[in-house]
Structure formats: C-alpha cells, structure tokens
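Peer 1: Letter by letter, the chains look like this.
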Amino acid sequence: MEQYTGKSIYKSVAIGPVYFYSRGEQQVKRCKAEDSQAQLERYETARDRAVEELQQLYQKALKEVGEVNAAIFEVHAMMLEDEDYNDSVKNIIFSQQVNAEYAVAVTGDNFAQMFAEMDDEYFKARAADVKDISERVVGILSNKRAGSSIGREPVIVIAKDLAPSETVQMDKSRLLGFVTELGSSNSHTAILARTMNLPALIGVPVKEEWSGKLAIVDGYQGILYIDPDEETLEKMRKKQQEDRERSRLLQQLKGRLTVTPDGRKINLYANIGSVSDVAAVLENDAEGIGLFRSEFLYLEKDTYPTEEEQFQSYKLAAEMMAGKKVIIRTLDIGADKQVEYFHLGQEENPAMGYRAIRICLEEPEVFKTQLRAIFRASAYGEIAVMYPMITSVEEVRRIKAIVEEVKEELDARNIPYKNVEQGIMIETPAAAVISDMLAKEVDFFSIGTNDLSQYTMAIDRQNPRLDAFYDPHHPALLRLIRMVIDNGHAHGCWVGICGELGADLSLTKEFLQMGIDELSVAPGMVLQVREAVRKAE
Amino acid sequence: MGSFHYVIKDEIGIHARPAGMLAKMAKGFDSAVTITKGEKTVDASKLMAVMGLGVKKGDEIVISTDNTEDLEILKKFFEENL
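Taken in order, these protein sequences are the chains called A and B. Positions 1 to 537 (the numbering used here) are the ones given, in order, by the first sequence. Positions 538 to 619 (the numbering used here) are the ones given, in order, by the second sequence.
Hints listed in this document are in silico derivations from the structure and should not be mistaken for laboratory results. Mixed in with the good hints, there may be bad ones.
[Said to hold, decoys possible] In silico DSS-like cross-links for lysine-lysine, where the CA-CA straight-line distance does not exceed 25 Å: (1) A/Lys124 - B/Lys613; (2) B/Lys583 - B/Lys613; (3) A/Lys124 - B/Lys561; (4) A/Lys90 - B/Lys583; (5) B/Lys561 - A/Lys131; (6) B/Lys593 - A/Lys131; (7) A/Lys124 - B/Lys583; (8) A/Lys325 - A/Lys400; (9) A/Lys90 - B/Lys564; (10) B/Lys574 - A/Lys124.
Working from the sequences, and respecting the hints, build out all of it.
Peer 2: What follows is the structure, encoded as structure tokens:
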C-alpha cells in the first residue's frame, strides 16, 4: 500500500480503479523509416501482444462481469486481426516508408472516421472502439500505456493537471473522483468536483504507473491510497457508508423552507456549469439557479455556439426549473478559461486581462447573440441575467444600451420575451467600492467571492503555493461584502453570494446578520446550507 | 454459387458481436462468404467491412457462398443470432 497526502477539495470518499489521464495521448510522430520490413515486424509483434492482452481482459471480464459484457474484448481482439485493418497498416508502412506507430494511428483514424460518418448511433459509437484498439497498439509500440480509454467502469481520474475543458468532456457518470498534481483549491476543476460531490485531491505527486490499480481517495483526511490493504479498505468503506447516511439525513430537509429561526426567508439557489447539472439542482431541492455559468457552452465547442444552440440550452434550463429563477451569467472566458476560436492570445497577467464583459463589450456581436438567446428563452420561465467582471458604471450603461438594441431587434421580429431582471457580479474591489453607484443601475448584485478575494488580496487562485497565504475569511473581504449588501439594500437591489464562500457553513450566520438575501451554492451543498440557515441563532 | 436472402430482426442490426462471430465462422470455411446490402458486397470474414455496411433491423441482405453445406450453417446462424 502506498499513501500520499494532498489538499482535499470535497469531503467524501471514493474507491475504485485509477484511470491515468495524460494530455496529448494520441500525439504520434511521423518518422521516416526505410526498413519497412522491420517496421512491419514491430507492428506485428505489438499487434499480437495487444490481441493477447485483449484475450486476457476477456477472460478476466468473463469471470467478473459475465459473457455478455466481456464479449466487447473479444470483438476488439478480432478487430485487430481484421484483414483490411492490417492491410492498411502494412500499406502505409511500405508505401510511405514511415514508422509503425504512425501507420497504426492513421489506420485507426481512418476506420474511426468511417464509423463516425455512419448514420446510425450504434455504428457511430464504434469509432471509439477502433480508436481504443489502435491506441493500445501505439501504446505498446511506443512503450507508453497512457492510451487506454476511460472504459466502461467508473474510475478515479488521476492526472498531472486537468484543464476545465478536459474535465467538462469527461463522462461524469464514470467519474468517482479526481486527483491532480497541479491546480489549486479554487481552480475550475476543483469547482467542478464540488458541483458533482466528488472527492478530489490536489497537490499529489502523481505517477503514471498507478494506472489500473485500486485506489482510495479520502477527501476527509486528504489522503490518496494506492493498492490499499484490507484494513484500510474496510475503514474507508465504513466511512463511505457514514457519508451516505449523512446524505440521507440531509434529504429529510428536502422540501423544507430556507428560513432563519427569526422567520426571514433566504433564497437558496444552486450554481451550475451546464444544463445537465439541472438534475442535481432539482435533486438537492435548490430553489433556483443562482449562477448558470454559460461559458461551458463555449468551452465544449470548436466554434461559437449559435443563438439557436444557446437558446435551446437556456430554454431547457428554464423549463426544467419550472418557474423557479434561473440566473444566467453571460460569457466569462479569458483568464484560466481559454477558448481557442476566440484567439485571445497570450497575456502577461490574464486574470487582470482581456476577459468576461471586456470581451463582450469589444465584440458586441458575440454578446448580442448570447443576449438574444437569453431574452428569447425568458418567455419559457423565470430568467434573469447577470454580467461578470464589472468595474464601472460606464460599463453597465453600455451593456444596458446593447440590451435595449437586442430588445428592439426582438420586437421587430415579433419574438416574445419577458421582463428579465438584470444584475451584475460584484467580483472586483472597484465594483464593491462603488456599489452604491452601481446599485442605481441594476436590479440585483451577486457577489463572486472567488475573484473578489483574489483581487482584494492580490492572490492568484491558480497558484497552489499561495494557498498558505490565502485567508478565505480575510476581514477586508468580509468588510467589502457587508458594504455591498448595505449599498444594494439602500438602493433597492437584492444581494446574493454565488462564490465558494456562499457555501462556507462557518460564515452562514455572519452573512445572515449582514442581511444577505440569496445564497447560491454547489448543488451538493444546498441542503447543508439550508440546515445551517435554519439553525442560525 | 448458392445464396439466401435474410431480413435482420436484431434490434441493433449486425452489431460488433455477431459480426465477430460471423467473421470467425467465415474464416473457417473453405469457400468465401459474401454479404450484400444494396449495391455493396463485402467479404463476411472481414469484421470491419461487415460492420461498415451498417446493417440495421429490417434491412434485407443476401448471403452467398459456393459450399451448400456452409450455406445451411450460415442460415441457421442468422436465424439464431440476427
């Protein structure tokens, strides 16, 4: 048994096999290889070994999961022995005089392409099988075994680092937990782990050789166990059981009001990163969506999402929430969230750079596309919109002018929309300090504590070395929050918190005393916060 | 050359598993086995090519081979598996 400590992101326990994720696993170099016969022999040796491995997997699966589920490995082995596949590899090796790795990668891509282009969902999905077997051979040839796909079993994903777009693309139903070496407790992957209630550790020196081994992520102690012994396994299973018991207790708070003991109602909303998270919002009984991070629509794609695509997502969320509030935050990319097709370029200091509303104001057409989709969707539920990274009254006025243009366009096209509440994120010290002025312009404030704390304390949230200097309860931050609430209330704005601090149970009481109107937290935290509000004396 | 027509009853069509079983069987035969769907004909021993046909439920295909004994075995295979 090996044991490593890291910083825990979410208090829960995961037990399962390790999937080691490494970036660029399909990067195969094309090299000139004049001795084609030697390359062919290399290929054949690697292929035979891959077939052997697949047959072993088949035997193992046969015992563990039965014939029907094991059959896939037998089919994979047969695919590798397919005549057309082998002819293609051989042909590429000889005709292009290239290395076996490249010939296999190209062949795999071509066959995958053939399946991907078929019009039936089942056959389309076979592209993944061809990729899988080709990666296995390439892995053997290049002595790197990172290429195995995430597979059908739920796994603990371990990686050097995970970019937000990479985490987004993972099949969430197969994720048990995350362990990464880089990244900090405020990174987007960490936020995602919290949203999905998955145990996650950061700052663990990860090793590729763990791939396939049994592991335990203990999110309570911040410990990763590789090849755990029976005693540890037993202890952790018990912990997992207790966890479930606690969730069950919390479930009893479902359907109860979020009121303070002195009878004040708090709006308890949830933060989501995509429409698929709405299920978790409903399951955890949130009273609305306080932060719909719309940038995930952009991160998942290779090009700008169309108005129609966005409209469908917003409409779906509005309809699923059935009249409960859905607050959509307009595009917040830049800084740690990069999207290639925006061509934002490298910046010395991206957190303070060209991002969020700044991009939207410079690229009004991109902004208007999103606003049109949001306003159109408003006809189907209770939608509000909020704007990120505001620093001045002027910006808000420019936004409002663009919103008026959008409304006029919709009027001209006879497209219905409702009155959409407009608010701003308070996440820069500038916005907090002039919140009295900003409050006259908008309907509500939502305090983004993650950015507000990094800008207030000048601490980079992506740098794990700074975690030691980071005081999440810094009095400067709490004073700013109090000021924003007071200023908002003085000018008729309601004020909420949608950052991580909103779910900090040790601060719930203080926020209530400050007069907070709304808390928006990760879906998995909703019931715990409700309990804290109901108990706050 | 003998042949027979067959309409696929399996919900997914000729999916990976029966395609694999068929390929294995066809490889064991002395004469070549072909499957025709519409205008495309492929060698039944080639798994990828058979899957590439994308044969779905309700599709009619023609299975051909020279050996009449093999043809009977193939008929039985399709009726039992597809």
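Peer 1: Against each hint, give a clear statement of whether it holds in the structure.
Peer 2: Evaluated hints:
1. At most 25 Å may separate the alpha-carbon atoms for a hinted pair to count; A/Lys124 and B/Lys613 exceed this at roughly 29 Å.
2. In summary, the hint linking B/Lys583 to B/Lys613 is supported, as the alpha carbons are separated by about 20 Å, within the 25 Å threshold.
3. For the hint pairing A/Lys124 with B/Lys561, the CA-to-CA distance comes to about 23 Å; that is within 25 Å, so the pair holds.
4. Between A/Lys90 and B/Lys583 the CA atoms are separated by roughly 16 Å; this keeps the pair inside 25 Å, and the hint holds.
5. Note on B/Lys561 and A/Lys131: the hinted pairing holds, with a Cα-Cα distance of about 22 Å set against a maximum of 25 Å.
6. Note on B/Lys593 and A/Lys131: the hinted pairing holds, with a Cα-Cα distance of about 23 Å set against a maximum of 25 Å.
7. Under the criterion of a C-alpha separation no larger than 25 Å, the hint pairing A/Lys124 with B/Lys583 is consistent with the structure, at around 18 Å.
8. For the given pair, A/Lys325 sits about 21 Å from A/Lys400 by alpha-carbon distance, which is consistent with the 25 Å threshold.
9. At most 25 Å may separate the alpha-carbon atoms for a hinted pair to count; A/Lys90 and B/Lys564 meet this at roughly 21 Å.
10. A distance of roughly 18 Å separates the Cα atoms of B/Lys574 and A/Lys124; the hinted pair therefore holds under the 25 Å criterion.
Hint compliance for this structure: hint 1 is the single one not met.
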